[in-house]
Every structure is written in C-alpha cells, then in structure tokens.
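Peer 1: Chains as they are written, first to last, in this note's numbering: chain G, 1 to 527; chain P, 1 to 527.
Since the hints were made in silico from the structure, they are not lab data. Quick caveat, the model's predicted, so the values are computed rather than measured. Hints are supplied without guarantee of correctness; some may be wrong.
As the list claims (entries may be wrong) - Keeping only pairs whose Cα atoms sit at most 20 angstroms apart, straight-line, the calculated SDA-like set for lysine to any residue is:
id, chain 1, residue 1, chain 2, residue 2
1, P, Lys432, G, Ala501
2, P, Lys432, G, Asn493
3, P, Lys132, G, Arg498
4, P, Lys432, G, Arg498
5, G, Lys448, P, Thr497
6, G, Lys448, P, Ala496
Claimed, not checked - Label pairs and their in silico Cβ distance ranges:
id, chain 1, residue 1, chain 2, residue 2, range
7, G, Val226, P, Ala374, 19 to 25 angstroms
8, G, Val103, P, Ala428, 39 to 45 angstroms
9, P, Thr60, G, Asp306, 55 to 61 angstroms
10, G, Ala431, P, Ala249, 32 to 38 angstroms
11, G, Thr60, P, Ala331, 29 to 35 angstroms
12, P, Lys65, G, Ala404, 41 to 47 angstroms
13, G, Pro323, P, Ala249, 40 to 46 angstroms
14, G, Ala381, P, Glu64, 36 to 42 angstroms
Think of the CB as a built atom: it goes at the ideal place given N, C-alpha and C, for glycine as much as any other residue.
The chain contents come next:
Protein chains: 2
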Amino acid sequence: MSLHPILIAGQWRPAQSTGSFHSENPATGEPISGEYPISAWADCDAALTAATAAAVALRTTAPEKIAHFLTRFAERMEARKAELVDLAHAESGLPKAPRLGDVEFPRTTGQLRQGAAAVLEGSWALPTIDAKLNIRSTLAAIGPVWVFGPNNFPFAFNSVAGGDFVAAIAAGNPVIAKANSSHPGVTRVLAEEAFAAVGEAGLHPATVQLIYRTGHADGERLVSDVRTGATGYTGSRHAGLKLKAAADATGKPIYLELSSVNPVVILPGALAERGVKLAEEFAGSALMGSGQFCTSPSLIVLIAGDAAEQFIQTAAARLQAAPVAPLLSSAVARSLAASVQTLTSAGAQVVTGGTPVAAPGCRFNNTLLRVSGAEFLAAPAKLQTEAFGNASLVVTVRDAAQAAEVLTHLEGNLTACVYSDTAGSDDALYAKLEPLLRERCGRLLNDKMPTGVAVSAAMNHGGPYPSTGHPGFTAVGIPAALRRFGVLQCYDNVRATRLPAALRDKNPNGKMWRLIDGAWTQRDVGA
Amino acid sequence: MSLHPILIAGQWRPAQSTGSFHSENPATGEPISGEYPISAWADCDAALTAATAAAVALRTTAPEKIAHFLTRFAERMEARKAELVDLAHAESGLPKAPRLGDVEFPRTTGQLRQGAAAVLEGSWALPTIDAKLNIRSTLAAIGPVWVFGPNNFPFAFNSVAGGDFVAAIAAGNPVIAKANSSHPGVTRVLAEEAFAAVGEAGLHPATVQLIYRTGHADGERLVSDVRTGATGYTGSRHAGLKLKAAADATGKPIYLELSSVNPVVILPGALAERGVKLAEEFAGSALMGSGQFCTSPSLIVLIAGDAAEQFIQTAAARLQAAPVAPLLSSAVARSLAASVQTLTSAGAQVVTGGTPVAAPGCRFNNTLLRVSGAEFLAAPAKLQTEAFGNASLVVTVRDAAQAAEVLTHLEGNLTACVYSDTAGSDDALYAKLEPLLRERCGRLLNDKMPTGVAVSAAMNHGGPYPSTGHPGFTAVGIPAALRRFGVLQCYDNVRATRLPAALRDKNPNGKMWRLIDGAWTQRDVGA
Chain G
1 MSLHPILIAG QWRPAQSTGS FHSENPATGE PISGEYPISA WADCDAALTA ATAAAVALRT
61 TAPEKIAHFL TRFAERMEAR KAELVDLAHA ESGLPKAPRL GDVEFPRTTG QLRQGAAAVL
121 EGSWALPTID AKLNIRSTLA AIGPVWVFGP NNFPFAFNSV AGGDFVAAIA AGNPVIAKAN
181 SSHPGVTRVL AEEAFAAVGE AGLHPATVQL IYRTGHADGE RLVSDVRTGA TGYTGSRHAG
241 LKLKAAADAT GKPIYLELSS VNPVVILPGA LAERGVKLAE EFAGSALMGS GQFCTSPSLI
301 VLIAGDAAEQ FIQTAAARLQ AAPVAPLLSS AVARSLAASV QTLTSAGAQV VTGGTPVAAP
361 GCRFNNTLLR VSGAEFLAAP AKLQTEAFGN ASLVVTVRDA AQAAEVLTHL EGNLTACVYS
421 DTAGSDDALY AKLEPLLRER CGRLLNDKMP TGVAVSAAMN HGGPYPSTGH PGFTAVGIPA
481 ALRRFGVLQC YDNVRATRLP AALRDKNPNG KMWRLIDGAW TQRDVGA
Chain P
1 MSLHPILIAG QWRPAQSTGS FHSENPATGE PISGEYPISA WADCDAALTA ATAAAVALRT
61 TAPEKIAHFL TRFAERMEAR KAELVDLAHA ESGLPKAPRL GDVEFPRTTG QLRQGAAAVL
121 EGSWALPTID AKLNIRSTLA AIGPVWVFGP NNFPFAFNSV AGGDFVAAIA AGNPVIAKAN
181 SSHPGVTRVL AEEAFAAVGE AGLHPATVQL IYRTGHADGE RLVSDVRTGA TGYTGSRHAG
241 LKLKAAADAT GKPIYLELSS VNPVVILPGA LAERGVKLAE EFAGSALMGS GQFCTSPSLI
301 VLIAGDAAEQ FIQTAAARLQ AAPVAPLLSS AVARSLAASV QTLTSAGAQV VTGGTPVAAP
361 GCRFNNTLLR VSGAEFLAAP AKLQTEAFGN ASLVVTVRDA AQAAEVLTHL EGNLTACVYS
421 DTAGSDDALY AKLEPLLRER CGRLLNDKMP TGVAVSAAMN HGGPYPSTGH PGFTAVGIPA
481 ALRRFGVLQC YDNVRATRLP AALRDKNPNG KMWRLIDGAW TQRDVGA
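Can you make the complete structure from the sequences, with help from the hints?
Peer 2: As structure tokens, this is what we get:
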C-alpha cells in the first residue's frame, strides 16, 4: 500500500512508518481514499535536525521575506480554494457554505496576511530601549515550533496555515506541523502550498515541515527534545496534559488550548425581558459547528422559575427542530456519548436528545441536559465534563446565593458570559457575580454568545488552567499570539553595529512601536 | 525555647512549628541569637486562605493605595536603615560599605519606588483596545504569590522588599514571603515595616505575610495549591526544579531564577590589546560578593597562547592578593567545596585556591581553575557545574573552531559576554560566535562584566532553561518583571461602566500607555 509522503527538510519523502491511517467522511461514515503514515521517531528526529538549521537561517532572514511567504501562501491557498473547501467538507462534515468557504477560509487567509503585516511592522516583540544605560531588549525567535492542530477547524487552526502556524512563523520560527488525524488531506494540500510559497519567498526549505501522526511516546519525546523551541497544541485535555508534563520536565514552553465549558449566566431581568430571544440565540450558538467550538456555550446558569422553564422549553424546541449535523469523526461521536453518560450518571436529566443517531455517519441528537443547583453542587467536577459536540447543560439555581456558589466551583474556562437586562435591574447581581466569573475565564462577555472569536489585537483566546497551560497568553489575536513563540533577549552595552535592526537608534521601518525611555514611540532614539 | 512569631492574616502569631532554626554569622561562624520556626502545613494553609481574601480585596483597591504602600515601605525601611544594614551584615557576612549600605539598600528602596510609579502609571499591563469591535484586554492580578528569596541579596531579592515582592505587589497581588534561612532576622524586620506600611496605606492586612521556613514536601504542596496564583523563586537549581515539577503538575505559573555560569569570551584582539586590564576587571567581578552573584563570571573562554597565559597569571595573582571574604553560610561553603571537587574530578586544574579556609567562619580560598578546550569537550556537563562562590574556570581553546564547539555545549545562562578589540580585528570572529551565545543567554554583553544588573525597563535577568523556568520573562526590570504576575483578561462587548478603569474610553490618569487600534497612545479612545 502506498502511503502519502511527509515533508521533511525540503523534500516530500516516504515516512519511516510504524503504521498508517486514513480519514473518514463523518457525514457518511465512508473512508476517504489516501493512506497516511504514522511516523517513527526517525522522522521526528530528522525534522528537528532540519528545523534547527532553518531556525538559524531564519534569524538572519529579512522580515520582508517572511512576510512575503505568508502573503504568497494566502494567495496560493486562494488559488486552490474550491479544492480545499471540498476536501475540508469531506473530511470534517462541516458545511461548505457559509462555514468553510465564506467564514473559515477567509479568516485563515486574513490571519496569514495579518501575520505578514505584524512581521513587517515588528512591534509584536515589544522592543525596549534604555538609551541612557544602553540596555536594549526585544523578544526574538524561540526556535523550532511543533504545532498540533485540533480537529474542529480544518483551516483556521490547521497545523499548517492556522493561528499557531502563523504566530510561530511570524515570530521567526520554523514550524513542524503534526497534522490532525481527522483531516490529513486538507493538511497535505495546505503543506504543498506552504512549501511552494517557502520556495518563492526564498526561505530555508525546512521552514515548514509536515508529519501526519506519531505514537504517543514520540509525541512526548518531541515536545521535550533539546532542539525544540516550543509547542502549540490545541486539542483534548487528556492528551494535552501528557504533552505538558513531558515538555515541562525539560523546561520547554508548551502553549495548550484545552477544554472549556464556557459558562453563560442569564440574569433574571434579562430572562424576563428577552428570554425567548436568548433561548434562540443560545441554541444557535450551541449548534454552531455541531457544538464543536472551543468556546461553545455548554453550561447555562439560570435562576429557577417560570422564566427558566420557558427558556429551557424554547431552547429544547429549537434543538429538536434543527437538523442533526454530523460530528467531526466517529471518535468525537464516541467521546460525546461518553461525556453525556458521565453527565447523566452525575445527576443530569435529559431534556432533549441524549442519544446517538445510528446512521448515516457520526451524529448525536441535539442535546439539552438539566440539573438543579443543588445537584450540580453535589458533583461539580463531573458536571463540568466537557461534552464536545452538540450537547449543553442548564443549571437551574435556587437563588443568587446558590448561583454564586455554583460559580465558585467552576474550573478555568476560555470564556464566560453574563446576560443582563437593559433597564438595570440586574446590575447589583452582575456586580456580585462578575468577580467570580472574571477570575475563572480568559474572556468575559456581556450580552453575547462566546462562539465568535475575532482575530483582534485585544482578543484573549486563553484562560486559567485547565482551559490552557498558562494564563498569560492568547492563541488568537495578533500581535499578542506571536509572543508565545518569543524569548526575551537583552543587549547590554552591545556595540551599535552589532544590534538587531529593531534595537538600533534608527527605527528600522519608521512604523515600529518601541518603548524608548518609558514612552512608546515610532521615532528614532534621540529624535 | 521561644520562637519568633510568623505574620499571618494580619497578625504576628506563633507558628505551628515542626522544628526551628537560627542564622549564623558566616564571618565568625557564631550563631546569631533568635530562633525561628519551621512551619507545618497548617501555617501555609492559613496564609493561603488569608491571601485569597487579600487578593479579592486588592482587585478593587485603588492603584494609589498600592503605590502609597510601596513608597511608605521604602521610607520606613530607610528609617531603620542602620539596624537593617547591621543585621544584614551579621547574617550574610557582606560588607556594610559600600555593598549593603551604599549599593544594595538604595537599590532596594529605589525598586520599591519604581514599583509605585509603575502602579500609578499602569502601562505594565499592556492595556489593549479594539474600539471598533469593542474588545478590550489587559493583564490583571494573578492571585496570591509565594516569594522564595535567595541567600545572596538580603535586601534586593529579599522575599519581603526584593524584586519579586515588588513585582507581585505592584501587579496587584498579595505576597506570602518564604524567608531565606540564612537571613531570617533581616526578613523579620523588613516584614515588620512592610506590615506597618500595609496598615498606613489601608491595604488588606494579609497583603504581606511571612513564613520563615517549611518542610520540602510542604514547599511542593504550597506552590501547587489551588489557591496559589504564582510563585517567584530564586535559588538553587535542585530545589527550584522540584518546586517547578510540583507547580507545573497543577498548572501554576512558577518563575525560577536558577544557576548560571555566565560565560565570558575574550577574543584574541582584546586579549592582545588590554589583557592585563581585563584580567583585573574579571578578578574584580568574580570576587564581587565573594562570587555569590547569579551573574558572576564563572566560565572564561580564551584562545590558548601567551596572552591567555598572561591573563591567567594576572587574574590568579589578583585573586591571591585579594582578601578572602566570608561566604554567605556554611552551606554555601560546603556546596562550593563540592562543586570545585566536581570540576577538578572532571579534569580542571587548580591555578590558585581550591581549598577551604579553616577559620574564622565560612570561607574558601579565592579560586581559579583551568581546563583545555579538549578537556572541556570531554565532560561539558560536569565542567558547567555552578561553583556558587569565589571560584571560576578558564577554558583555553585551541582555536576559533574549538571555541565555537565549546559554546555549542553551553546550557542556558542568564548572561554571556564577549570582549573584542577596539580596532576591529575581532569582528569576524565575533560575528561567528555571537549567534552561539545569543541563543544560550538572556543578556548579551559587550566589553563589560555581567555582575551589574541594572533595574532598567530594558533589563533581562532571565534566560533559557535551566537558568530560568521560562525564557520569555525577566526577574529584574520594571515594568516587564510585573508581567510574570499577571493573567490576560479580555472584555468582549462588556458595558462601558463595567470595564476596569484601564480599559475605559477615558485614559484613567492621562499618562497610561495603551495600544488602541494598533497605535500606542496616552490619549482617550476616539481622541
């Protein structure tokens, strides 16, 4: 059987494989043709050696070349857009329109272009100059970056082309992509175009490398290898924490984006004012991508009563009426069924759904579960199990005090939302509950569902452990996302001609923001 | 036997002790009166509970109050300066003048005042506003911070008053100080003044707490406790990495400043041009604080030849002629002897020193060791053993190629220096070696010894693992050092009146730098 080659050191070459896999069409359950290798350690080792050389070359590569690569990659992606969207649709079951073609694809190419702009401008690195003491510092490239992409965004978070890829490259690092096993075909085509763009831009040929899959032990070995600079991982908590332990043991930064239930608290005034509308808004958000968003609203907190019951009934009706979209893979379907089982065994009752759909493909009925505040407080850990997919849990609390108690039991989350009324009747309760949510989430929203994650400089797609591995960084948003892949480098009394361009007296491009003697400025030192 | 009380929850109260200890005068070897408790877990637990309440209170405390605390603490320290300097001298053996009284003390109070200014100004948190999308983010307080201070700076890095203390408090967090066992008396007096200043400023009484010592297992438990926000640790690699493993396992950020040999490369032109002067400069730097600086130059790389021999002889003569100052403690003396033993057993030859001084107190003869490049390459790990104290190792390499090979074997270091001549004859070799050092250190110096660590916004007192636990952060320098103790918090569509002051349209103090729609500015949004 012929296996697809991997991309190592500027060559598409056969993997040293220990096995193989293929993707499936989750909408039909049919296998998709094309067999991909599971790499042995020799492939990881070869990739690391090549990436080390690429990292050295990139240190003296002009920002213009890196920016040119990112832009050309975006353009080349666009030239194969129809093919990529077809492939992503087949491998993920996500709709071509609007999702893949009209939203995720342009988001991804837009992100590549934002990365290009960030490279040219250079402020992401927080260049800082103490002119009097002649001490100067900046973030600089960290070295080879492994990117483990998730299953749920075949473009926007792909290990080639996605957010971590852009951030790592824009920060001056080579990327070794570890494809997600559910969409190897999309990843292969993206890598073809990325590699062609590497050549056009004249970058070191090992700037982008691709391995499809490794064994678990090799995964732990590669994130902790001495040649590795850092790792970006988006995926399950279980696998992510194993990688974290391995990387931590050798002091290798690893940035994880793990599970999150994204609590949504709807205060009584808002429920009274626009409960039906909010139930519809919730149902729409909960079904986006079949609920397979990192920021899907999976835990709704309502104060018990008629309005809460009406919310639950309206939401359930919406979920029942909506088509059951395929999940990303049979593994997701199995995991979702297991999570729902965990939730129900911990006391959650099924309002609607709760069962798999036999065929075709990988589907689970749109699901709403409910539990009382007292029941939640009896098993808060189990009832925060992430049910990745189209299932959410409503917690009906007795009163404001119990709402507060429930919130204090929440783990770290990527997001938290509060809906309140427009007249101000919820404001006192908001003030009471907000601090509890604030310290437990990365992004706090008002009056808006969390599923939209804008690529904004002010975005935080991150949060307290265990939603991520470090609460100080974001995986989305340029320039901040780049800083995960930088190391702080200081130059003390270093002669002027030996300084990197960003730290010389003259602003290298006239637009880079630098902190000079306490003031942010685009001017030259002394000007 | 009466034990000194600990400071918990706003009270000086008896410890739940499992044992006790006292400090010694390392210059004489005599015990210093005053017995200090080793706390049981109950003390750590009580401190964490109180700190949790303080962290909540600090979130809504005006920056002016926190700044007032830092300023008043500095003033109160100054009022007891003579007593503090006497105590620090007795407990550390470091000279009162110029070191303790004229350099370290004012550095410490200066740092407190810089911290106060950073709190008032607020830019440390990198407030970022996307006005169009109404997404806003900022770093915010991380929660209770444990500070483990080192033995070598009784003021400037003290767990009360030192760099990590200032950074954690200025970022809005309560500190639980774990005193260094070699100077509990200084730490006690500093805590008295800090606590008095807490009262004067009207901060939550548990904003500053003090425990003198814990068992190792409790140390690992406290850094990983769910209530802990983060930990700042400066000290030995062995203990630091144990704490890191514990903190990593529960996703708690821990910022470590560990060992470093601080390579200094003197290129042939510089050696020819000013070798004797450089040998004197080296000897002076190596003996600063008896070599007990984190940035002490402990590994000197020279190209073998007459000039190198002259450098070695001159440096050795200087070290022989200099008085043998006491080490910080008998533990340091024992550890230094063991490290020198490791180095010699790995092939290093003693040029001068190499033996302990019997009495009085804790002393080790000023020591210079040497090894050839080939010998170094035969045992690079052992020959990078940090000999914390007045001992350094010269590596004489055969040629430029061997110099490069030696540098590629270096671990991560806080600093690295290159001396080159003024005529330019070293420039080609500098260009060849610089990248090898650059990726292995946090701060790269030219023509200057590394022992001065200026409190500058552009300083990096950090570096690649294992010199620290994360290469993106600095332990010295304001505002950057504060960012270790912040979490990224985003506000998405949050109503204007509910935003923190730093993220409202109006600049809260007219001088805070904020990144608004891609430009750093002190203006209001829309202005």
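Peer 1: Could you run down the list of hints and mark each one as holding or not?
Peer 2: Results of checking the hints against the structure:
{"no.": "1", "hint": "P:Lys432 <-> G:Ala501", "result": "holds (18 angstroms)"}
{"no.": "2", "hint": "P:Lys432 <-> G:Asn493", "result": "holds (19 angstroms)"}
{"no.": "3", "hint": "P:Lys132 <-> G:Arg498", "result": "violated (41 angstroms)"}
{"no.": "4", "hint": "P:Lys432 <-> G:Arg498", "result": "holds (12 angstroms)"}
{"no.": "5", "hint": "G:Lys448 <-> P:Thr497", "result": "holds (17 angstroms)"}
{"no.": "6", "hint": "G:Lys448 <-> P:Ala496", "result": "holds (15 angstroms)"}
{"no.": "7", "hint": "G:Val226 <-> P:Ala374: 19 to 25 angstroms", "result": "holds (23 angstroms)"}
{"no.": "8", "hint": "G:Val103 <-> P:Ala428: 39 to 45 angstroms", "result": "violated (53 angstroms)"}
{"no.": "9", "hint": "P:Thr60 <-> G:Asp306: 55 to 61 angstroms", "result": "violated (35 angstroms)"}
{"no.": "10", "hint": "G:Ala431 <-> P:Ala249: 32 to 38 angstroms", "result": "holds (35 angstroms)"}
{"no.": "11", "hint": "G:Thr60 <-> P:Ala331: 29 to 35 angstroms", "result": "violated (45 angstroms)"}
{"no.": "12", "hint": "P:Lys65 <-> G:Ala404: 41 to 47 angstroms", "result": "violated (26 angstroms)"}
{"no.": "13", "hint": "G:Pro323 <-> P:Ala249: 40 to 46 angstroms", "result": "holds (43 angstroms)"}
{"no.": "14", "hint": "G:Ala381 <-> P:Glu64: 36 to 42 angstroms", "result": "holds (41 angstroms)"}
In this structure, the earlier hints numbered 3, 8, 9, 11 and 12 are contradicted, and the remaining ones agree with it.
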